[in-house]
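Engineer: Hey, can you work out the whole structure from these sequences and the hints?
Chain residues, written in single-letter form:
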Amino acid sequence: MKELKLMKGNEAVAEGAIRAGTDGYFGYPITPQSEVMEYLMAERPEKRTGMVVLQAESELAAINMVYGAASTGKRAMTSSSSPGVSLMQEGISYLAGAELPCLLLNVARGGPGLGTIQPSQADYFQSTKGGGHGDYRLIVLAPSSVQEMFDFAFLGYELAFKYRNPALILSDGLIGQMMEKVELREQMPRTTYFDRSWTLTGKPDGQERNIVTSLDLDASRQEIHNQHLQEKYRKCQENEVRFELLNTDDAEYLFVAYGSSARICQKAIQLGREEGIKIGLLRPITLWPFPSKPLAELAPRMKGILSVEQSAGQMVEDVRLSVGCGVHIEHFGRMGGMIPTPEEVLENLKKLLIRK
Amino acid sequence: MDIKDIIKPENLVYQKTPLMTDKTLSYCPGCGHGTAHRLVMEVIEEMGIQSETIGVAPVGCSVLAYDFMNVDMVGASHGRAPAVATGIKRCWPEKFVYTYQGDGDLAAIGTAETIHACNRGENITIIFINNGIYGMTGGQMAPTTLKGMKTSTSPYGRDLETMGNPLKMTELVAQLPGTCFVSRQSVHSPRNVRRAKKAIRTAFENQKDKKGTSLVEIVSNCNSGWKLEPVAANEWMVENMFPFFPLGDIKVDGKLVNNQL
Amino acid sequence: MAKMQGAIVVDIEKCKGCEVCRVACPNEVIAMAKEVNHKGYHYAYQEHQEACVGCANCAIVCPDGVITVYKVKLSD
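Protein chains in written order, with this note's numbering: chain A, 2 to 357; chain D, 11 to 271; chain X, 355 to 430.
It is worth saying that the hints were derived from the structure and are not from the lab. These numbers come from a predicted model, not from an experiment. Every residue, glycine too, gets a C-beta built ideally from N, C-alpha and C. Incorrect hints may have been included.
Cut-off 35 Å, straight-line C-alpha distance, at most; resulting in silico cross-link-like pairs (DSBU-like, lysine-lysine) [as the list claims (entries may be wrong)]: (1) A:K48 x D:K157; (2) A:K233 x A:K294; (3) A:K9 x X:K393; (4) D:K157 x A:K9; (5) A:K6 x D:K157; (6) D:K237 x X:K357; (7) D:K18 x X:K357; (8) D:K237 x X:K427.
Quick list of the computed label-pair ranges, beta carbon to beta carbon [unchecked claim]: (9) D:A122 x A:Q231: 30 to 40 Å; (10) D:R204 x X:A356: 21 to 31 Å; (11) X:I366 x D:A122: 43 to 53 Å; (12) A:E344 x D:T34: 49 to 59 Å; (13) X:K427 x D:G258: 34 to 44 Å; (14) D:R100 x A:N240: 22 to 32 Å; (15) D:C101 x A:E239: 49 to 59 Å.
Structural biologist: Structure follows, in structure tokens:
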């Protein structure tokens, strides 16, 4: 018997967090994601699974609480929105440097600065190119439905622990607030197995102690550590790319879009095909690792590619990098929280790629 | 007597200060923010310092304070207003600089900035609106939420064991030598409005004498967050908030009053 | 002791019907109108204007500052 529920994106990811066996969630209110913590507090997961939910005094404190829990091998999670995620960048860099798995969620809003509370996708650079200091990467998952908000809680932890690296769900205010039907997976038991090779659980007699740190004052050792991180990221790029293709078999024009923009493009494709324009969509599901190869394979067939993002154009740079020369690539997007309509998207595809 | 004979400019007793803009306040009906804004502006008008004053707005319900206060203002990030104010005051020591903050801003994320600005004795005025809740983001628990109080992140009531005790930032900063005037007031009744205004006036006058930081806490209502009508919310506030956050001067001229702590 | 006669002017469209002024008035002059303004709020008005002494209690508690107060001294 399938368990189906009509849920908000924020609620779905919260329920996903509980069922994926989260040990501790540490958060702070910020629109448009406060419902994640409100849902968790109301659900009393300490009674369901023993999961801890704590409202921290700030995002800075929250990410450091995650750092603490993660260093002991526990499944730790935090969520915020753009300005709050900016506050967390130092902590995220520490988590990556110390090779700690954890689940992060950014329900992005318009920026920069305090910005707006409406959705945006202007945190692509922050999520995929660093955000925090140093040579590190986050495994970035981009849900474009409420179902994926639920599912990526599980996938996020799986990838985070596989690579001992933070995983980030990059959502936006639209996906966070909209309501859709969700098929709920069964509750995963909270793990009691800890990898004694690196977790802090108390040094057993006769064994070496574990140290969790991102500091190494010896430059040559730090270089080796960075090379090790890069090797990890290479493996992740080889094995973990996820994407979805829609209507690309006969497409002459291609949208590249993720999250809520992908949903808008689906409609724009329908409208375009009614006019005889053959459009398809490549929807990256992992923004890092970016689906460069699949995109490069599709690109030569296309008369033009439009990167549709609610930003000034961030992912378009990765589109250009993946495709190289030869194909006409443009970007279209609204900013500051203004959401484009499917009609607007189609109009701009015509303006930028067809009529030009 | 005909009402037309009374309503004449020469018979004017009270009018909203021109230092409040004409924009309709975005606050909920009956919210103390409106009254608090007006008192700060009245004090600035009466002191004649509008052209010498710079205000720092917080993140919270009063994030749009600069839409309503007719003085130069800067919007700080959440909790950092005392640091922003420090930057301004250190570069312009003769200006009057104030922050206007809520309880989440001042006492949660801004704890460090609040304590250190007070510790350095920055010659600024901090107006602290305490309604025990995060209003703007939808009614979550705040550091000043009372034991047992229901909010959207303490839906079964604040549980001290897992969520900690409500925090009295005002008493905390009063213990720092850097603060010279610390007072707790309210604006729900005429008598309290008059007292609050006096306290705010003192807090601004102190900047002239470079005596250190002045902090005025205003215990206020949040009708939407508490899910009460304004008049009922004020009654609830008197019955429940005031015993824990007692009104009165806590520190005057650098000296603690009556061992209030 | 001179008697004062007061009167208030309420900016009806800005009033949010919070009733804090009604409670603040020492002479129970103010009531909330049965009509609503364009925002749907029952605005405040002087039901018993003759009992108003122009103390301005209502005006100083009004969160939206919508009340202007006048008074005249009546001849003794």
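Engineer: Each hint needs a verdict: does it hold in this structure or not?
Structural biologist: Structure-based check of each hint:
1. A:K48 x D:K157: Roughly 21 Å separates the two Cα atoms, so the pair holds.
2. A:K233 x A:K294: Given pair A:K233, A:K294 holds - Cα atoms ~19 Å apart, limit 35 Å.
3. A:K9 x X:K393: Measuring from Cα to Cα gives roughly 30 Å; hence the hint holds.
4. D:K157 x A:K9: holds (30 Å)
5. A:K6 x D:K157: holds (34 Å)
6. D:K237 x X:K357: Answer violated: D:K237 to X:K357 is near 42 Å, above 35 Å.
7. D:K18 x X:K357: holds (18 Å)
8. D:K237 x X:K427: violated (43 Å)
9. D:A122 x A:Q231: 30 to 40 Å: Since the Cβ atoms of D:A122 and A:Q231 sit about 36 Å apart, the hinted range of 30 to 40 Å holds.
10. D:R204 x X:A356: 21 to 31 Å: holds (22 Å)
11. X:I366 x D:A122: 43 to 53 Å: holds (46 Å)
12. A:E344 x D:T34: 49 to 59 Å: About 34 Å separates the Cβ atoms of A:E344 and D:T34, which means 49 to 59 Å is violated.
13. X:K427 x D:G258: 34 to 44 Å: holds (36 Å)
14. D:R100 x A:N240: 22 to 32 Å: Since D:R100 and A:N240 have Cβ atoms about 54 Å apart, the given range 22 to 32 Å is violated.
15. D:C101 x A:E239: 49 to 59 Å: Hint holds: Cβ distance 54 Å, inside 49 to 59 Å.
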